[in-house]
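K.L.:
In order, the protein sequences belong to chains A and B.
1 is the number of the first residue of the first sequence in the working numbering; add one for each residue after it.
1 is the number of the first residue of the second sequence in the working numbering; add one for each residue after it.
Watch out, some of these pointers could steer you wrong.
Pairs count within a copy or across copies, as identical chains cannot be separated in the list.
Said to hold, decoys possible - Derived lysine-lysine pairs resembling BS3-like cross-links, with alpha carbons at most 27 Å apart:
| hint | residue 1 | residue 2 |
| --- | --- | --- |
| 1 | LYS498 | LYS281 |
| 2 | LYS498 | LYS512 |
| 3 | LYS199 | LYS70 |
Treat the hints as calculated values from the structure; they're not laboratory data.
There are 2 protein chains.
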Amino acid sequence: MKRRIVILGGGFAGVYVARRLERRLKRRDDVEVVLVNRENYFVFQPLLPEVISGTIGLTDVVTPLRRLLKRTDVHVREIDGVDLEARTVTLAPGFHPTPQVIHYDHLVIALGTVTDFRGMRGLSEHAFPFKNLADALRLKNHVIRALEEAAIEGDDPELRKRLLTFVVAGGGFSGVEVAAELNDLVRGAVTSYRGIDPKEVKVVLVHSQDRILPEVSPALAAFAEKKLRARGVEIRLNARLEAATAQSAVLKGGEAIATATLVSTVPSFPHPLVEALPLEKAGGRLIVDPFLRAGGRPDVWALGDCARVPAPGGVFSPPTAQHATRQADVVADNILCALDGGAAGPLRFAGLGKMGSLGKRSAVAEILGLNISGFLAWFIWRTIYLMKLPGWGRRLKVAAAWTLDLLLPPELVQLRTDVTPAIAQEHFEPGEIVFHEGDSGDRLYILLRGQAEVLIGTRRVAELAAGAYFGEMALVTNAPRNATVRCITAMDVLALPKRDFGLLATHLPGVKQSVEKVIEERSRARSA
Amino acid sequence: MKRRIVILGGGFAGVYVARRLERRLKRRDDVEVVLVNRENYFVFQPLLPEVISGTIGLTDVVTPLRRLLKRTDVHVREIDGVDLEARTVTLAPGFHPTPQVIHYDHLVIALGTVTDFRGMRGLSEHAFPFKNLADALRLKNHVIRALEEAAIEGDDPELRKRLLTFVVAGGGFSGVEVAAELNDLVRGAVTSYRGIDPKEVKVVLVHSQDRILPEVSPALAAFAEKKLRARGVEIRLNARLEAATAQSAVLKGGEAIATATLVSTVPSFPHPLVEALPLEKAGGRLIVDPFLRAGGRPDVWALGDCARVPAPGGVFSPPTAQHATRQADVVADNILCALDGGAAGPLRFAGLGKMGSLGKRSAVAEILGLNISGFLAWFIWRTIYLMKLPGWGRRLKVAAAWTLDLLLPPELVQLRTDVTPAIAQEHFEPGEIVFHEGDSGDRLYILLRGQAEVLIGTRRVAELAAGAYFGEMALVTNAPRNATVRCITAMDVLALPKRDFGLLATHLPGVKQSVEKVIEERSRARSA
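All chains should be modelled from the sequences, with the hints used to inform the complete structure.
P.N.:
Now the structure itself:
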């Protein structure tokens, strides 16, 4: 009977295990390899920030898994669960609402980490994560929308300022690269917008420590800091992001930066599936032995960012691509030893260096102990990553895009696919206005947590507590808002768009009645 | 005081009016030009189908309006209304929920047409329109998802067949180009999918007349038909699409083609804003005089697909780019005559020819009376459109993409941005199954129109009529569906995803009670 190796996750770790297995199993058909990933492509993570400024094309940074893994069964699905005793993985339903169960002989866990804003007020509602291609696309679209709106909102200086301020939280490699690319995009684009003065644009990098890039030496960090400042990035050190709303980024200590665009690269959490597994963890990462077996089981392997992998010298492997790919070779080889007999080997790789791009022909790098910065570092950075890109097709496309980028201004297309607003949660901090008297009314709010006050002019006419509806009048009449609602304490609301409300009110009898009752009570109270 | 020309619409018609005005107003600052469009880019419509097969990049087919129109005030907003008496245009709110009002001295209406599936059963819920960039992106993503799912649904031959059948309705230029590109994509991609036999793929073009491409001569149409058939496109003539469901395309006469992907390029309707204007129309298009004035007003002009423009020889201009751009010159010149004095001129352009691509180095063209087909037509087609693309940057990018396309296989990346399912309507035709006993339950249904039956095994246990809920148990327990629901008459339902239902049930008291009542009644009925 065929034996089956199931790999969970299609990042560097998972894909490189599959590639190594494919190469070593070339002439054998007694072992099959299955890889499960939620997207049908592999993201070349180091180049993802370049998508923001458009230096490379939207899809140049990813490779379809099927092109990469020609002898692996790729399943593009969410994973519902893993049963270590029954040795099965359950996949979420696809077109047809029935789950799929896959049996394994060896399981490879390479699920990486997820962005998770748990416990940070308002971040999951209002901060942009930056982890995958959809995040990059959403961020870029939002930034361009902010520019479009700023260009025609000449009469509202406060709104303009908010629209033209872009905040990135987190000063590690990822945050610095995002800030650099965002800055390149906005400053390159703004010259095409009549009615925006380039001096109005502000890009702010917020970092909790006293220097950026803790991953590299102080000298390289200082170089990066100087470079970014020279390009117009404002760097706020020793500042920690604490909360977010649609209107501002709130720092610890209470200072609020008015912004419509907040990116947070900070919180990486273990994948929920890893969390749920009954295997020993440290800091959320799966503990593995030097052979990369997890939980002392002979048939479960873990690697990449979701595992705490012991490296030579008594340290642990850092969560980067160069380490994940080396771990992948060890896992693949050890699984084949387990299947065929033979002595497993431990991980011996200690790392070659670190690199980070600063955009526009500048970078910092520590390679084999050398500190390099500026154009040379950038040139090395590009060359290494271009050669590491999987497949000649992709390399050609990226090289072509890089060449065209030298000639052409940044891409300004706002690519919207989702036009219907859905039911969403929103967060407000004290003093913020939910809506003004006279605004158009486009949604009903339900107050989940916190308190707000209702103002007509400057007179307070009511106070709202958890459970209260507000803004309901606008759903019934087409008149503008008849009062202002201002937040008293930090507050979470559920916003129900007019269209959804209309559908529900028509077909779910309870909804209409509830809202009508509130309206009636309020109008009675007002006329009394 | 400055006079203001406001142009509504950023297609060929609107953009070329603005370009002509910019050129002629170069040294004047007494006239300002405003252009309003819902997207921040101009779509080069003739190349849009190429996005499907990925011959050109996703954003190569569009140009940011601000790059194209450097002296025009571009407003990226929806239009809420036009007041011809007050001479104002009201724009929908942006970030801030307050509408914007713009005064005009001259109004140019260039709103084109919209896809509208009104009156066709199930099309607005289940057919893909193909009009703008978002449509192209959504279609491509869906097609790749269908391939991904087919590759792993080995156990369900019916589902597989449905996933691997792609139907395009409408055999004019637009439908033929979409079918050709879709066919190229699917047949090029499928070789990368282990577990799909290329022979399983079916692309069907449905057309209501007895030959495709009514726009060109019978000889060219016959050439196109032969070419498409040779590439594996099945052409169904004298067949009219009548209804659509998630499971099939239903033809007039009742035949149902099982498919998960139906594209309809057919119904072009007037823009709702044009419909609402108190100006004379014919077949939904604004009637204009030979000078392109609408409704006999000296300050309102209309052109492009939303206008019925008299052309030389007593005919009307067809709705294509070459005519829209010539009309644009006439409108721009006549507006300047109206502002400055001078004699307006009528439209004199009668058309140069017609072209349509068949994908993969083949096309048909009628140019200056000559019929050309095959490679030569394709070469002319590419050259003409490349030269017509606005801006050297875009030309360079498209030329580079076309060159790479000769070397590389089609792009297989499924680019998802919207992951949360929203409240949606769905349509079913008689006999179709909404869900099976044993399926996972992920949504609640509300029956809007039509009838259904509830089956346990083959036994009918209940009948459902308009207003009934079903599938509600799955929202309360996590158990699989305990019965099958099958459609009796054509039926529309509202599907409420579990997440939305959960949010609403928690916070809108009426919702939970309504559903609980139904559950209680049903369990009582069952135990009785």
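K.L.:
Hint by hint, say whether it matches the structure.
P.N.:
Hints, one by one, checked against the model:
For a Cα distance limit of 27 Å, the shortest separation of LYS498 from LYS281 qualifies neither inside one copy, at 46 Å, nor across copies, at 32 Å. In this assembly of identical chains, LYS498 and LYS512 lie within 27 Å of each other by CA distance both inside one copy and across copies; the values are 13 Å within and 20 Å between. For a Cα distance limit of 27 Å, the shortest separation of LYS199 from LYS70 across copies, 19 Å, qualifies, whereas the shortest one inside one copy, 51 Å, does not.
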